[in-house]
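Student: The lines below spell out each chain.
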Amino acid sequence: MRNDVVLVLVVITALAFDFTNGFHDTGNAMATSIATGALPPRVAVALSGLLNLIGAFLSLAVAATIASGLVDTAQVTLQVVAAGLAGGIIWNLVTWLFGIPSSSSHALIGGVIGSTLAAAGGSAVLWKGLVSKVVIPAALSPIIAAGVAALGTYLLYRISRSLTRGARIHGFRVGQVGSACMVSLAHGTNDAQKTMGVITLALIANGTLAAGSNAPFWVILSCALAISLGTYLGGWRVIRTLGKGLVEIESPQGMAAESSSAAIILLSASFGYSLSTTHVATGSIIGTGLGKKGADVRWGVAGRMATAWLFTLPSAGVAGALAYWLAHGIGGSLGVIVLLGILAGLSGAIYLQSRATKVDHNNVNDEWTGGVAPSEPEPAAAA
Amino acid sequence: MGWINFSAIWKIVVFGVLAGAGLPALFAIGLRSLALPGRRVQTAGPDSDHVYGGNVLGAVIAAICFLIILAALGWGIYEVYQIGHPPAKH
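Chains as they are written, first to last, in numbering that gives the first Met the number 0: chain X, 0 to 382; chain E, 0 to 89.
Looking at chain X on its own, in the form it has when it is part of the complex (with noise of 0.2 angstroms):
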């Protein structure tokens, strides 16, 4: 059944998505450059906007696991994208208000899967694709990036402890400018893909492609924009929460952490699986505070992330198929458009909701104080 009017629109509440998660994960890429001051926060923001853009026509493999590989394609109608799509985006943007760095991916990929549940049962749904390309690699891809930020931020202390101080600041600021540039590339690869993926789920629901299809260029060009304007304008709560909540980070700490997750993102997502750049940004900012001698990790921060991870794809899933039962029960183009109005609606009550304790440019390297907003000398709190 074609439908190309809510075509149209779920092509452009996608690039919406992809939107968010351009500025849900700015912080992966630069909040340790930026919390080690080796980038001023705006140019930071605009250079991971471009390699973001060059990344995202680096690979094609993980959209190809996004439009086949999870769902029975046979079984998706345009309404079970939209309501997944809705579904992904609330959960973003609620993460987003409390600074949470959970993933993109799986707000995404769990929107999808919820109202694909909800649309057509558990049989639509791949199982072993879902767990094998997405679940495995979650649990297991923040502890591999441990493991290697750890070693390499030992290496990086042994090698250069006979520099001078001044000396070792300012040589690993370069390489670590260097290897979160790398990361915002990968980032771009991996992550814009899943928008591309989307879509082209979108365009073989509606019967414009035909299954097992790749991305047609439009779709690559558009979701390259998307997530490189949604990284310029830059998620500053993430960034904090990343940059000062976790671990205090010195510049080889954070080479060590950004060659780490971009290693590990672009070799994954060469292979297919659909990894959480969030999750191993935060594992390996997590290893360089191991493997630095009186270096402290936060572990109430760590822990109040990692609960946030195992909720979020069960939470974007229940979003998504609530959406989806929204959408049906109103049926038909209306209920699509019905439905993304309300999303359109809830997304600018949270955004308003920010504007009360905001995080930007400027105060995004204030002291940590234990929460996302910098306290601000009020005398409320001190009664």
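Check the hints yourself; a few may be wrong.
[As the list claims (entries may be wrong)] If you only want the chain X side, here are some residues facing chain E, beta carbon under 10 angstroms, derived:
hint, residue
1, A60
2, G165
3, T188
4, L228
5, A262
6, T356
No lab work stands behind these hints, which were simulated from the structure alone. This one's a predicted model, so the numbers in the text were calculated from it and none came from an experiment. From the three backbone atoms N, C-alpha and C, an ideal C-beta is built for every residue, glycine too.
Assemble chain E onto chain X, guided by the hints.
Tutor: This is chain E only, laid out in the frame that chain X set:
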């Protein structure tokens, strides 16, 4: 293919360590060679910001290290591009 693709995980770990920890270590070796004391040793105090210590041989070794890193990055990106553009299934 089983539920867990051990051959992929194995490759990710080995290449991850080589690229993710090995290349930064090589960068550190480069920095250390670059900082080897040479003619300028008297002027560089413990708080010096100078990355270059003044030793020509050190600078050459450093340049080789940095070039290896750049070459490895270029090769890695090329490989990802190659693997990531399979022909469409029909």
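Student: Which numbered hints are broken by the structure, listed smallest first?
Tutor: 4, 6
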